[in-house]
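From first to last, the protein sequence lines stand for chains A and B.
The numbering used here numbers the first residue of the first sequence as 1 and each following residue consecutively.
The numbering used here numbers the first residue of the second sequence as 1 and each following residue consecutively.
Source of the hints: derived by calculation from the structure; they are not laboratory data.
All C-beta atoms in this analysis are idealised placements derived from N, C-alpha and C, irrespective of residue type, glycine included.
Every clue listed holds true.
Restraint-style ranges between C-beta atoms, simulated for each label pair:
| hint | chain 1 | residue 1 | chain 2 | residue 2 | range |
| --- | --- | --- | --- | --- | --- |
| 1 | A | V26 | B | L101 | 29 to 35 Å |
| 2 | B | W192 | A | W39 | 29 to 35 Å |
| 3 | B | R214 | A | W39 | 33 to 39 Å |
| 4 | A | K93 | B | A69 | 46 to 52 Å |
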Amino acid sequence: MLEMRFTDPSRERRLVTDRVFVAGGVVVLAMALLIAQLWRLQVAEHAHFATLSEDNRVRLEPLPPTRGLIYDHNGILLADNYPTHSLEIVVEKVEDLDRTLAGLAEIITIDDADRRRFERLRRQRRRYEGVPIRTDLSDDEIARFAVDAHRFPGVAVAAELVRYYPLGQHTAHVLGYVGRINETELTRIDRSDYAGTHFIGKNGLERRYEALLHGEVGYRQVEVNARGRALRVLSRQPPQPGRDVHLFLDILLQQEAAAALGDRRGAVVALDPRSGGVLALVSRPSFDPNPFVQGIAQSDYDALIRSPDKPLFNRAVRGQYPPGSTVKPFVGLGALDMGVVTFNETKWCPGHYSLPGHSHRFRDWKRGGHGRVAMEKAIVESCDVYFYDLAHELGVDRLHAALAEFGFGAPTGIDLTEELGGLLPSQQWKRATRGEAWFPGETLIFGIGQGYFLATPLQLAAATAAMASQGRWIAPRLARAVEVVGGEGLAEIAAEERVIEAGRARDWARVVAAMTEVVEGPRGTARRIRNEAYRIAGKTGTSQVFSLGQTRRYRAEELEERLRDHALFVAFAPAEAPRIAVAVIVENGGSGGAVAAPVAAQVIDAYLGRLDGVAESGGQDGS
Amino acid sequence: MAASLVAAPRDQFGGRWRGPFLRRLHVDWPLLAGLVLLCGIGLLVLFSAVDQDIGRLRDQLWRLAAGFALMLLAAQVPLQLARRWSPWLFAAGVLMLILVLLVGDTGKGAQRWLDLGVVRFQPSELLKLAMPMMLAWLFARRPLPPGLLRLGVAALLVVVPVVLIARQPDLGTAVLVASAGVVVIFFAGLSWRLILVLGGAALALAPSLWFTMREYQRQRVLTFLNPENDPLGAGYHIIQSQIAIGSGGLYGKGWLNGTQSHLEFLPERSTDFIFAVLAEEFGFIGILVVLTLYLLIIGRGLYIAAQARETYDRLLAGGVTMIFFVYLFVNTGMVSGLLPVVGVPLPLISYGGTSLVTIMTGFGLLMAIHTRRKRPRV
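Looking at chain A on its own, in the form it has when it is part of the complex (with noise of 0.2 Å):
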């Protein structure tokens, strides 16, 4: 035991040095390892760590471009951007999307209206892209959101410019309106160009003229810490803003026409014929844009799609309406031009026409006819007879070659994306879409724009416009010059036009100035418009809806109202310099010289009547 004692310790003392350095072995190698670990991220992987940490630090951040304004030709401000708090959710980073929309109603108010667009556009939206639950927050609102949005991730109030029209449903068809980015543009759109930004052109000017108007997207590179909360910014490019864009558009004007309209159903375009600028581009009825920019209610649209007057229907550049008599002043130039007739040569008129070997009757507007008659007393009587010889004369080839230099069967390429051409028919037209040999018949409705024959009252216009300037046909448009990028002042859209090769010079001073007697004569169609301070040059068109048969007469008061006659009237002014040319269609309105002439005198009035006050001060005639 003693002996124990005295040994042990020895023996102890070496087994437990032994384990110590053990210990220390495992100690070393333990380390070892785990330096080996700490080389292997921070010297051998460093770079791809190194990148890592950067991603997670950095975050590019689009600063989208604000949106270009939209003046009238006198400077009036049509399409304005005004800053607004929304209160946007991102569904992806909300867990229950029913607690949370249940929450906020609790602090904001949001009504099913606001609830069924949310579910709209969160159908149409972008991944991780906000979706307004509530547009147009008060800052009362704001503030109470601000005390509880720590309840909410994924729900923040965004603040952004957003479109406004201030002339309402005065500009719906011409500018049309801005709208959310869905699915079916962002395929067609640059994504990173339009990251950053969440409107875009959906119609109208605005969609025409996007790429100007949106701008370039800037950049900046901010840090971010682990709950994306922006800390500083690193570096910053910043977005070059939309340009602004000027319009012909006159808005007084354009007020004034849709005033003249009324509550009618119909278009008046209004054109300078100089520039081919569109002074008025009016359809009605019309609506109000400003509610799509955000998101229109379902049951408003649906309100708007179903009505029967079809509001959102843009008459002017996609009604096609059979342009009736208001042709015939481009059929006479067309027939002197290939000298199918000289200017007085004179017709019999007895009320009634038939082609060589047939018995069917084309009647005349005028049961009784017009007795002798020559092309100006043709036209200012607007006799169809004449019209029916001259284009049996001419031939449908000859006919659709003298219209399509005018421009009709074709879009004007007005600077609006929805242009509809008309339809000018052909022999190859009609085999190829009918099957059907062109009979002789059809050419002498042609002759008085009735029958396939189509036009717009853009395409009318135009026409119009070019017969005004005796012979220079301009595409009409509405954009009259864009801002310069990045500095002062107006760069100016160059006009399309052609010379319309037919005819001589006097061809067009005498067909203009039966088109004035239309007016100004005593037996002219539209004598009522006339007045004493300037001359205007038209001629009406009534354009039949519903066909009747060979021995009914024709009574207004018989038919429903939505088969009555279109009324129609083109016209310019002054006869003898004209800066103004309108085209003018009144739905079911009946005769065009009793309906559509007189809106067409008040925006002519509107218009030369303001531009004199303006030109004798200096203004802006330039003459």
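Go by the hints and put chain B onto chain A.
Okay, now just chain B, sitting in the frame of chain A:
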């Protein structure tokens, strides 16, 4: 044996009482120097990790000061006293662990705290020291190496508190307490053959451990095996921590310039994950410096164990030193992705005071052992 127990303190207090104060004080200067240096660097890193919050830095400074005071106090404790108290301390610790499970306070989903009225107390912390003390006491009673019976008793003494702690559940502390016990058994001379047998058995039984784990513990293991599985959930800690370390590179991003930590990508950056802050801001070089300091401290501890006078002293010194090492390795291994996420702080550097108390008391015991290594002059 009893005589020597009584004789030693008389000798200590009687023989040297008249020397200068510093020579009378039981302090191991190399160990103290290493600890002060490491804590100094630790405060530097912490200052960055708490976003230069002077208030929190001051808190930690006070804790460290208290820790050093505690260490010096413990260094003065006569070891015979500690040795005699060992079983009672251990028994008290186990009793309190049982109490915790019955009436303990819950914090962060685990029952760890015992409210003593004045202070809230974690009995499991006590076990980190009581465990090596108890086993050292057990093994020092008879000559080494221990027989199978003693080993069996020792194993039981390890398993009971470890299971109690794991039930709280507190995996980190359970690992530390278990390793403290295992280390002392190893130092006591567990035969290599038995080590092989037990190691093999442990490997074989490892899969069955899976079924005793709680759901969140299983999740941690799964996440450790493949953090990319759940990059925003459980894997987030590991991924962000590795990014922080890796992006630090050789020289680091510079003090206070760590983006992973300051932009809050790194979770628990002032506590369990402070090692990643160190790695990000001071790079591989900085880490080598700090690890070298740790190694010096551990080396000094092992040296003290080897030099110690008695078996109890040696086993205790070895156990205390190795707990410190396990602390270090479990934490750094977890932060660098070598080990699963286990809530263990980086000793002496992480913000917080609980582990500091145990660690500093342990170093105090080391100093007490070393300054009394000489054989008593009779």
